[in-house]
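Taken in order, these protein sequences are the chains called X and D.
Taking the working numbering, I'd label the letters of the first sequence as residues 1 to 429.
Taking the working numbering, I'd label the letters of the second sequence as residues 1 to 429.
FYI, nobody ran anything at the bench for these hints, they're computed from the structure.
Think of the CB as a built atom: it goes at the ideal place given N, C-alpha and C, for glycine as much as any other residue.
Do not rely on the hints blindly, as some may be mistaken.
Below, computed lysine-lysine pairings styled on PhoX-like, alpha-carbon distance capped at 20 Å [unchecked claim]:
hint, chain 1, residue 1, chain 2, residue 2
1, X, LYS307, X, LYS412
2, X, LYS61, X, LYS98
3, X, LYS134, D, LYS150
4, X, LYS385, D, LYS98
5, D, LYS98, X, LYS150
6, X, LYS289, X, LYS314
7, D, LYS254, D, LYS134
8, D, LYS289, D, LYS307
9, D, LYS412, D, LYS314
10, X, LYS307, X, LYS289
11, X, LYS134, X, LYS412
12, D, LYS385, X, LYS98
Covered by chain X, per the in silico footprint, the following chain D stretches (three or more residues, Cβ under 8 Å) [stated by the list, open to error]:
hint, region
13, 132 to 140
14, 293 to 306
There are 2 protein chains.
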Amino acid sequence: MERVYANQLEESMLGRDVEVAGWVEDIRELGAIVFIIVRDVSGGIQVVAEPSMLTVNEGTKVTRQSSVRVRGRVQRSRSVHYPLEIRAEALTVYSIAKHPLPIDPTGRVSASLDARLDARALDLRNPSVAAIFKLRHHALQMIRRVLVEKGFMEVNTPKIIGSASEGGANLFRLTYFNNRQAYLAQSPQLYKEQLTLALDRVFEIASYYRAEKSHTTRHLSEFVSVDIEAAYMDADGVMRVAEELMVSLLRELKERCSRELSLLGSSIDVPSPPFPRITYMEAVEMLRKDHGISIEFGDDLSDHALKLLGESIKGFYFIVDWPTKLKPFYIHERDDDPNLSYSFDLQYGALELASGGKRLHDASRLRSRLVEQGLNPDDFRDHLKVFEWGMPPHAGWGLGLDRLMTVICNVKNVREVVLYPRDTERLNP
Amino acid sequence: MERVYANQLEESMLGRDVEVAGWVEDIRELGAIVFIIVRDVSGGIQVVAEPSMLTVNEGTKVTRQSSVRVRGRVQRSRSVHYPLEIRAEALTVYSIAKHPLPIDPTGRVSASLDARLDARALDLRNPSVAAIFKLRHHALQMIRRVLVEKGFMEVNTPKIIGSASEGGANLFRLTYFNNRQAYLAQSPQLYKEQLTLALDRVFEIASYYRAEKSHTTRHLSEFVSVDIEAAYMDADGVMRVAEELMVSLLRELKERCSRELSLLGSSIDVPSPPFPRITYMEAVEMLRKDHGISIEFGDDLSDHALKLLGESIKGFYFIVDWPTKLKPFYIHERDDDPNLSYSFDLQYGALELASGGKRLHDASRLRSRLVEQGLNPDDFRDHLKVFEWGMPPHAGWGLGLDRLMTVICNVKNVREVVLYPRDTERLNP
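Work out the full structure, taking the sequences as your base and the hints as a guide.
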């Protein structure tokens, strides 16, 4: 018999025998009958059973959260919540949940985030928690679809790298074969740039690693990044890709995942392109005039400064034209002012979601920039040589998927949207 | 002006001004005019230009493989290969390729795989090489689409793990924060099993790591695996998923990527389900009878044995019911014979593509199996506790994407289908 999920039960099945499987959410014995709520990933199902069915071998009784399968006939119910129910003909108990459980997955009793993460598999039985990961699943499919439609080719670049690509201070190190020093990639930056030489437009969605000691609600040691890089595009071009991606993604999530969004109390607006663009200099000026904060040219915008900016410019916006020296060596300086660069951050309020820009494509300028930033061009030999093979001008960005999901899911802590987060403290489960 | 790719040039554009960008593949000066073949990721374009356009500043002349942009009018050509051509009005040289180049990306002069991998970005300008990665791109999209249609939810599990999940001999080690020992995941096995507790069906396509010293044409230290795990499915159920996935994937690639397949001389047949299934015992018997090879029950099938099997059973087939002790601790033994297991390998000839089976879902049996296999249950504390929260029966498989791509692309060495392969020798570029 074919298995039916909770959200597939419908009027047309009345009188038919079906099979459902999931976990026991609730048991109410009412004399000669017992009402069981069986929940699966898609929803709850009311089952009417005989009390004897609750007893497994050796007199053990099935407990809440145990895994079961029910075969029975679909009938109308008197319940307000469940218009249809299943009259059980057979109930198979696959495994008994031991009590007490570490957390209550129905969400009636709240638990700390740490307790929930320690029991993450169980935590996911909470429909509000599962909603986050359904949204994440849909977001991944939609992001790829939009990028594929725009001509980007999916690539897989290596995560074990032989040289520290952007300095190396914050890289995890490992010992490779023959005692060679290797690192875990922090981004696919150099590889995706190289690939524009022949593949024109590439994207990758993968896990990256940052050994930074910061412990905040928006940093993780392992995070998922959406990266694009495009030949013959400039910063404006890839900013438009980001805008169109955000608009399509949010519009479609609103249409297709309204139940999940409302479970999470998320009511994010679909933004209209173009998103506001303010230059770094304008941001500095706004902060001085409106908040009396003085920022030296070339200093980064602090968390506090971004918070104030995010309060003035709500939703999505770009901060563009950052000082060249604030940005990595591969960013292209502005033609009209080499102290500024063709760079941007995509913000949502105070939160930086993505960072990108036009890249240098001239080998000798790239080499001098490395020196200026205190890096050794010899360490970038494999990368620099590519720029002598007819490198096209190119631009791209990296978007923090986990951060984007906090915005979509209306949660504060990035750990909420990651199944098994890794941070300075947490390495398990 | 909107950029046009080579494969977008068509009759309807005759007389229109367009812009194309790519690299110079060929230059032929014929007196007062010069023919330039500009290639982009989608194909070649014939450009007719004035000889003076070839000269960049300071008298430098544009070289083959340099990056250029051409603006001009579309006109009919007399060439056999290019029915349309562009009469250049402006030619912008973005960067000059320095000669000699490390390899010839037109493929006219062949190079060793090592030389090609050292110059991978340039190697990708060879249309036959690019074809591999276009097929890989399409395969990724199609695999996900099939799995999503079958109700699998995409997940991202951690690659930095706190305990050595399946023994640990072949894991890369790294030092985590506070000097804790961590490892790079070899598979998402334990996580994907845990996730069936609530998410029912999950899949993940990601990079994994194996520190094994073997240097063969089918092993890599970093590889991409397609993993699925499904609650309430048995081995047969997930084998059917694998079959249907292979059939849909190959059918669609044949339809949509025939040009790439023929560039690679690949003429793979779309298989019909069900694929042949032979048991381990039948395989042992075949090898004894047909080839005089004697294999002790419980011994693995050697490369040589698989080669002989692959010669008898062509194409895709399953080897099922492996001895329990040959398989990892989490594999479910057969109910009718605990020495055998509900396990399978998906083979293509001699090549193992995927491995999977039904898993144990009973905490105490899982614990005893760990002990039997010489592993310490304490090291699996975080994992075992999940099995006391009402674990559903479940099954799944892991499929080596890189190996599958060698079959699809008709190449022998797995390094051919990976952009930047990692093996015992190779850590760069």
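Hints, one by one, checked against the model:
no.	hint	result
1	LYS307(X) <-> LYS412(X)	14 Å, holds
2	LYS61(X) <-> LYS98(X)	11 Å, holds
3	LYS134(X) <-> LYS150(D)	15 Å, holds
4	LYS385(X) <-> LYS98(D)	10 Å, holds
5	LYS98(D) <-> LYS150(X)	31 Å, violated
6	LYS289(X) <-> LYS314(X)	18 Å, holds
7	LYS254(D) <-> LYS134(D)	13 Å, holds
8	LYS289(D) <-> LYS307(D)	16 Å, holds
9	LYS412(D) <-> LYS314(D)	16 Å, holds
10	LYS307(X) <-> LYS289(X)	16 Å, holds
11	LYS134(X) <-> LYS412(X)	18 Å, holds
12	LYS385(D) <-> LYS98(X)	10 Å, holds
13	132 to 140	holds (count 5)
14	293 to 306	violated (count 0)
Checked against the numbered hints listed earlier, the structure breaks hints 5 and 14; every other hint is satisfied.
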